[in-house]
Amino acid sequence: MPAPTPDRELVIFQNWSADAICVGPATEAALALPVSNAAPPDPALVALNRFGLGARPGDELGKIASDARGCLKAELKQQDLALISADDSKNAGLLDSTAAIQASMAAAAERKAARQEKAALAMQPATDAPDSSADAKNKPVVPPVEADIYRDEAQARFDKAINAAPGFVERLVGFWSNHFCVSAAKGRIVRACAGAFEREAIRPFVLGRFADMLLAVEHHPAMLFYLDNQQSIGPDSRAGKRRGRGINENLAREILELHTLGVGSGYAQADVTSFAGMLTGWTMAGREGRLGEPGSFVFNANAHQPGEAALLGKTYPPGGMGQAEAALNDIARQPATAQHIASKLACHFIADEPPPRSVAHLAEVFTKTDGDLHALALALIDMPEAWSMPLTKLRAPFDYVVAVRRAIGPSAGNEPQRTLRWLRALGEPLWQPPGPNGFPDRTDNWASAEGLKTRLDIAWQAAKQADDIGNPDDMLSTLIGASASAETREAIAHAESRQQGLALLLMAPEFQRR
Amino acid sequence: MSLLCETPNPSRRAVLMTGGALFAWAYLPRFARAADNRDPRLIVIVLRGALDGLSTVGPVGDPDYAGLHGDIALSLSGPNAALPLDSFFAVNPAMPAFARLFKAGQAAVVHAAATGYRERSHFDGQDVLESGLPGPGNATTGWLNRALASLPAGEKVAKLGGLAVGPSTPLVIRGAAPVLGWAPQALPMPGDALGARVLDLYNHRDPVLAAALQKGLDASRMAMSDELDGKAMKPRGGLDNAAGMRQSAQGAAKLMAADDGPRIAALAFDGWDTHVNEGGATGRLANLLGGLDGAFEEFETGLGERWQDTAVVAITEFGRTARINGTVGTDHGTGTVVLLAGGVIKGGRVIADWPGLKPAQLYEQRDLAPTSDVRAVLKGLLADQFGLSAAVLGDKVFPDSAAVKPMRDLIV
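Chains B and X, in that order, give the protein sequences.
Residue 244 in this note's numbering is what sits at position 244 of the first sequence, and the numbering runs on without skipping anything.
When you read off a place in the second sequence, starting at 1, and then add 1000, the result is the number in this note's numbering.
Excised from the complex, chain B in its bound form:
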């Protein structure tokens, strides 16, 4: 047997002087607030940067500043602004998730057939049919349909973000999409439907009701696949008894921990296990279509754990799919959920460490309005802190890349592969977070050495792509306006070239911080 763990305490020093081992301030971020953000921010930059996606050539900052709140509220009034509809001609060709998954299934079958054909050919003696074996080698591989769909969806998302004015609704889409994230790295099915998932389960509800978004998300094949529920089977269900398979608790845990209540809010392992049982049977119809339209959500009663189940002290009677739906409707309205969502929103839009009163206010609005996300968006706009607190957060990579594209003009180098590459290099690949908790939302995560260096590379590339730069000083007035610091003005005025001036502008603290 292995040796036991040695646990002798070997060295003890006492009487260390506390100051000698002091490591200093907790973080770099604590060393100093950015000087440029010490004063109350320009209301135009609050509207465009804290809430929106940045200025575009042609925006009049003075006009926006005169009614910044009104400008944001006007965007909220536009009916269905968040939607990306395939009915719109510029989005023609986008597939709904069922069609996207079916395309992926068909491609998988083709790939399998191609592999089998190749294997069969390899079995034949080479002298038999040299030509046909060479043909098989030269035959083009089956095109990666999932990657094509993903790229088209990415382009639709970029276009929407680049053209939004001022972009508050798109920022909300980004927030909720990250809150309820799926990852294309999970596999081909999720890669194929990650964009459709956002259009179907997130966008219709960003100004609707939280519970409706929650229900839409947890019913969606992308989420069921991403968090492994499509194969989860109640051990006492007909399928469980027959096949000897059982529960997978991944989705249940992440719904409680990430989507609703938040970690440490009082649920126990027993709640996770029991909720996982309620969710058994929530799955996607397979390629054969035995349970329903292939690629669509189905409730498979044969896989559902029968009987009543308890969650957070409440017992839910047997009710098929309705059992977990009832539970979801309840947890969407728990005070812990209101608190969790409120603190994430405040952290996103106000500051990494938002004032407790902002969080408390948002939680109160959430509870009073039964999770009305339109009311929450208005509450954010009306929050005095949003207009008084300095713009200290670093733009996350997606927001930065979109702001750069908006700044250099929507036509310059706007190819999805290029933008996707930028996002990958910055560590925020689209619809591909490292885990179900999504991408981090704090400045110290993005203000990394490698991250800043990559931003510099991107700013330089973007400056070279911009075809008609004009005078960088004029761009400074358009993009940052009167509140630009003397140092930023001077740096741009003394640039060696127009390109360098624009790159400096895209790197300026006023452009990085929001």
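Hints are not guaranteed to be accurate.
Claimed, not checked - FRET-style restraints, in silico, Cβ to Cβ: (1) X/1364 - B/187: 23 to 33 angstroms; (2) B/108 - X/1156: 52 to 62 angstroms; (3) B/313 - X/1364: 12 to 22 angstroms; (4) B/120 - X/1135: 55 to 65 angstroms; (5) X/1135 - B/414: 39 to 49 angstroms; (6) B/147 - X/1135: 39 to 49 angstroms; (7) X/1193 - B/87: 43 to 53 angstroms.
To be verified - Under the rule of at most 20 angstroms between Cα atoms (straight-line distance), these lysine to aspartate or glutamate pairs were calculated in the DMTMM-like manner: (8) B/344 - X/1124; (9) B/344 - B/212; (10) B/241 - X/1071.
The set of hints was computed from the structure by calculation and includes no laboratory data.
Cβ atoms here follow ideal geometry from the backbone N, Cα and C, with glycine treated the same way.
Given chain B, put chain X in place with the hints provided.
Chain X alone, transformed into the frame defined by chain B:
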């Protein structure tokens, strides 16, 4: 100053603080002695998503293992037989380099290990693992950075700072001590002039961004310095795939092998959350383990003779259920493995107080019960590589952990 010394192995810092001459030369840790020319390095690989320790190093001698781990259990027979480490444990066949190092006495395993965290949230678990704090909370600094910051300011290791590999800095190495950042170069780069101008602007307006950009430019210059053909390393994959893991280790090794390169590095590999079709000797987990194995190998090769001074440790937030779940994977659990490799590791050992796998022996009847504390392993490495005292380790580096004694004897 009172000094209670039970062994001639105190920290250099403590010795310096005694005023030098009294005990100093006899008690200097090895690295500080000119004669043996030791130049210690420590590399921490964080495996995010919770590694299944029982499929990485399988207790094939435990009669209950095969039954619990089912189809994905490792086995000493069959086409993909696990590689035996001793009479009881065998490593996943996707890790031949690790097995070779183990046989050569340069790799070890601590099994049935866990941090002090006993819930099953990845994100809280990772916070605890990386922050070194006793529980989850708003952690902003990591234990590795605090270890670095606890070294004497003039000390070589402290002066050279740390290295963070990847597009963002892992929490474990975030903090006050300087940290370089590096990732495989993905984009064509501007000339030095633009960087200098932006840096100048930041120095006047935004010191936080200035510090980050300065380090990014420094690391990029160092990594480029010996690429004579000017070919930048193209990224081969993210840090959740085998090629990406191998490549990031290759680049980090190059930076760390340099005489003026960082001595301490942190990498984070993703993708270990194997709820479905985890696979055993082959499959999804095995692919990832192959990437980790490749990283060990790249460090061994890339560090050259400095490998003799190096310790690499791979840690994860917690383990996975001992019994496979309903979808031939494993759910979040507790006890798991810590993998150690490097020329300084006193290897060829699986260190474990094996708890057994009978239902009553499992933690909450579902997980491998933890019998070693991951912090003890990390403290042992920091103590013996860099001479940090138990007091600093129990107070600054891993706050409120005085009861967790450093595991000594991990280092040759």
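Structure-based check of all given hints:
| no. | hint | in the structure |
| --- | --- | --- |
| 1 | X/1364 - B/187: 23 to 33 angstroms | holds (31 angstroms) |
| 2 | B/108 - X/1156: 52 to 62 angstroms | holds (55 angstroms) |
| 3 | B/313 - X/1364: 12 to 22 angstroms | holds (20 angstroms) |
| 4 | B/120 - X/1135: 55 to 65 angstroms | holds (59 angstroms) |
| 5 | X/1135 - B/414: 39 to 49 angstroms | holds (47 angstroms) |
| 6 | B/147 - X/1135: 39 to 49 angstroms | holds (42 angstroms) |
| 7 | X/1193 - B/87: 43 to 53 angstroms | holds (50 angstroms) |
| 8 | B/344 - X/1124 | holds (16 angstroms) |
| 9 | B/344 - B/212 | holds (19 angstroms) |
| 10 | B/241 - X/1071 | holds (18 angstroms) |
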